[in-house]
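So the sequence lines, in the order shown, correspond to chains A and B.
Per the numbering used here, the first sequence starts with residue 199, numbered consecutively.
Per the numbering used here, the second sequence starts with residue 68, numbered consecutively.
Honestly, I wouldn't trust all of these hints.
To be verified - Stretch-level coverage of chain B by chain A, calculated; a stretch enters the list once three of its residues show a Cβ under 8 Å from a Cβ in chain A:
(1) 139-147
(2) 201-215
(3) 308-317
It should be emphasised that the hints constitute simulated quantities derived from the structure, not laboratory data.
Built from N, CA and C at the ideal position, the CB exists for glycine as well.
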Amino acid sequence: MCMPKLTAFLTATAVFTSVLTLAANAAEVHVLNWKGYGADEPWAIAAFEKATGSKVVNDFFNSEQEMLTKLRTNPGLYDVVMINAAFNDQAMAEKLIQPIDTSKLSNYTDISKDKAGSPMLDHDGKVYGVPWVWGLTALAINEKSFDKPPTSITEMWNEAHKGRVVIRDDAVEAVQFGAIATGQNINDIKDMEAVKTKLTSLMPQIKTFWSSENDWNQMVASNQIDIGTYWSGSADRAKTHFKLPVSLVIPQEGAVAWLDAFSIPVGSKNVTGAEAFINYMIDPKFYVEWVTKVGAPVSANTKAVEALPEDAFNRKVMGDPDVAKRIQFQAPITDAQREAYLALWQQLKVDVK
Amino acid sequence: MAAQGATASRSGLKSALPLLLPAYLWLTVAIFLPLSAMVFFSFMTELPLSGKPWAFTFGNYAAFFSQSLYLTLLWASLRLGLEVTLWCIVIGYPAAYVLAKVLKGRSREAIFLLVILPFWSNGLVRIFSWAMVLREGGILDTALNAVLPFKINIDLMYSYPAVIIGLVHSYVPYMVLTCYLTLQAIDDSLIEAGRSLGASRLQMLKRVIIPLSMPGLVAGAVLIFVPVVGSFMEPRILGGRTGTFYGTVIEDQFVAVFNWPLGAALSFILLAVVLVILALAAPMLRRAA
Numbered sequence: 199m200c201m202p203k204l205t206a207f208l209t210a211t212a213v214f215t216s217v218l219t220l221a222a223n224a225a226e227v228h229v230l231n232w233k234g235y236g237a238d239e240p241w242a243i244a245a246f247e248k249a250t251g252s253k254v255v256n257d258f259f260n261s262e263q264e265m266l267t268k269l270r271t272n273p274g275l276y277d278v279v280m281i282n283a284a285f286n287d288q289a290m291a292e293k294l295i296q297p298i299d300t301s302k303l304s305n306y307t308d309i310s311k312d313k314a315g316s317p318m319l320d321h322d323g324k325v326y327g328v329p330w331v332w333g334l335t336a337l338a339i340n341e342k343s344f345d346k347p348p349t350s351i352t353e354m355w356n357e358a359h360k361g362r363v364v365i366r367d368d369a370v371e372a373v374q375f376g377a378i379a380t381g382q383n384i385n386d387i388k389d390m391e392a393v394k395t396k397l398t399s400l401m402p403q404i405k406t407f408w409s410s411e412n413d414w415n416q417m418v419a420s421n422q423i424d425i426g427t428y429w430s431g432s433a434d435r436a437k438t439h440f441k442l443p444v445s446l447v448i449p450q451e452g453a454v455a456w457l458d459a460f461s462i463p464v465g466s467k468n469v470t471g472a473e474a475f476i477n478y479m480i481d482p483k484f485y486v487e488w489v490t491k492v493g494a495p496v497s498a499n500t501k502a503v504e505a506l507p508e509d510a511f512n513r514k515v516m517g518d519p520d521v522a523k524r525i526q527f528q529a530p531i532t533d534a535q536r537e538a539y540l541a542l543w544q545q546l547k548v549d550v551k
Numbered sequence: 068m069a070a071q072g073a074t075a076s077r078s079g080l081k082s083a084l085p086l087l088l089p090a091y092l093w094l095t096v097a098i099f100l101p102l103s104a105m106v107f108f109s110f111m112t113e114l115p116l117s118g119k120p121w122a123f124t125f126g127n128y129a130a131f132f133s134q135s136l137y138l139t140l141l142w143a144s145l146r147l148g149l150e151v152t153l154w155c156i157v158i159g160y161p162a163a164y165v166l167a168k169v170l171k172g173r174s175r176e177a178i179f180l181l182v183i184l185p186f187w188s189n190g191l192v193r194i195f196s197w198a199m200v201l202r203e204g205g206i207l208d209t210a211l212n213a214v215l216p217f218k219i220n221i222d223l224m225y226s227y228p229a230v231i232i233g234l235v236h237s238y239v240p241y242m243v244l245t246c247y248l249t250l251q252a253i254d255d256s257l258i259e260a261g262r263s264l265g266a267s268r269l270q271m272l273k274r275v276i277i278p279l280s281m282p283g284l285v286a287g288a289v290l291i292f293v294p295v296v297g298s299f300m301e302p303r304i305l306g307g308r309t310g311t312f313y314g315t316v317i318e319d320q321f322v323a324v325f326n327w328p329l330g331a332a333l334s335f336i337l338l339a340v341v342l343v344i345l346a347l348a349a350p351m352l353r354r355a356a
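Could you build all of it, start to finish, from the sequences and the hints given here?
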């Protein structure tokens with residue numbers, strides 16, 4: 199290919215790509231979420247597109263930090279973003295998300311009052327996040343290793359499970375787990391030394407640090423572990439969909455709870471479409487289908503949870519008022535705290551080498 | 068004469084330019100620019116992308132020295148690099164010798180293919196396959212117990228040996244390929260001459276074959292040592308509790324806490340240490356080559 203032709207070709211390619219990028223028309227809803235987390239289910243998208251005529255375009259992030267960066271560097275690109283409530287405050291302070299007119303969301307009134315009124319999502323009387331689902335980071339056990347499920351978090355330290363305990367490779371989760379084990383508030387850890395000592399004594403028990411649901415399920419399937427930290431939705435999925443001998447234990451000492459919510463970024467070109475999409479995401483019909491087909495965390499919409507069968511895990515176990523008393527919702531964490539937690543976690547991992 | 072030489076070399080460069088340009092353009096865009104950006108980031112307090120005010124600092128580099136953690140891990144990673152390189156030599160060199168000097172024709176092609184084969188599969192797939200082999204009740208454990216009359220318990224998964232096995236498997240082809248090239252270039256008449264002068268097999272190896280194939284050994288060792296020191300995927304998946312290395316800590320800074328400045332600074336310290344090691348080894352390497 200001679201030079202002018204090549205240049206022409208390259209220019210044509212560049213022009214073509216930019217036209218494609220600019221062609222984001224108003225009937226599209228650009229959604230930013232974790233991959234494989236409800237909003238990108240093909241059946242759900244098909245149903246939404248059929249009902250509204252708008253087209254859903256999914257984009258994904260691998261960490262909350264990446265999500266914030268994508269919002270910062272692509273103003274106007276996204277219409278809906280899924281933000282963990284602990285990060286909502288930061289996103290609002292950086293003017294990345296806008297207030298939501300909840301009167302446009304017919305399902306909003308069904309959201310449980312404690313979640314809809316969460317100070318993490320509402321600022322100055324305006325709603326910046328619509329609660330979607332919540333779940334727990336608790337313990338899960340390999341049923342083959344226990345005659346009777348344990349009730350206390352101290353089971354992780356039991357000598358009998360030495361080398362058969364797992365914990366997620368996540369500094370914040372590990373430190374907050376340590377806080378619960380030492381009877382502290384996860385959002386206001388006063389005695390960090392106690393957490394460190396407690397976690398140090400846990401390290402020799404550990405088999406490995408898991409990072410994905412698949413890791414956990416594989417280790418149970420090959421009977422390599424007894425107990426470990428796990429997410430409530432994942433434990434449910436492992437049991438009901440993968441038929442693994444896994445059951446969730448919400449220790450008497452408590453568990454870490456998180457709340458995921460939908461927001462609308464500043465500069466969204468299709469606020470109406472965004473509102474319709476969020477309303478669909480919190481709709482009982484979508485939720486029941488999500489739970490049945492894939493397995494999901496607990497909906498923030500009380501009507502959606504009530505639409506589940508009586509004995510459904512998300513209704514029976516997670517809806518138990520006794521559980522509600524024990525769990526602690528994650529509050530925002532500063533970058534400095536996050537880095538301090540990571541330093542502590544890395545030190546623990548090096549000391550055990 | 069001199070002027071003529073200069074024009075000749077200039078015209079040589081001129082005609083070489085179209086050939087060199089794509090490679091250099093690619094290097095500039097894909098390597099030099101991002102790397103310079105990373106150098107820049109490593110001296111910053113905050114990432115400019117985060118929209119927060121930022122300033123220049125040496126703090127990220129100071130962090131390395133303020134905590135014993137990083138030094139311990141760097142040492143562990145260097146040791147890992149050395150051990151993996153050593154195992155690659157032990158396994159790869161004899162294989163390369165057989166390929167170059169013993170096998171001929173079809174059988175050489177077949178064995179060569181087997182050596183290259185791991186390159187054709189995705190690295191992550193290879194690591195997960197090892198996970199299936201090494202764990203308790205895994206393929207190795209089951210197979211050995213099926214054959215052996217007594218019961219043995221093999222659970223190598225989530226241990227330091229597992230990391231070594233995974234890494235050696237990934238990198239041994241480099242050693243085979245580089246050694247094969249230099250071994251093949253050794254003139255057979257030199258070996259025959261040595262033999263006819265009465266050298267024993269060991270003497271032949273020590274005085275003729277190893278010295279002549281040294282460039283390949285050195286190139287293979289460098290190609291293996293450098294990436295292994297910074298590896299993070301294999302230790303994380305296979306190492307379990309013992310899988311924390313310098314590379315995994317850098318990955319954490321980028322992925323878990325989004326502290327790119329510190330991650331970049333740690334990477335450049337690693338780069339500097341590796342360069343120093345290579346520089347120290349240079350006289351030896353030059354003599355060898």
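Each hint, compared with the structure:
1. 139-147: Contact hint for the stretch 139-147 of chain B vs chain A: holds, 3 residues under 8 Å.
2. 201-215: holds (count 4)
3. 308-317: Per the Cβ count (5), the hint holds.
In terms of the numbered hints stated before, the structure departs from none.
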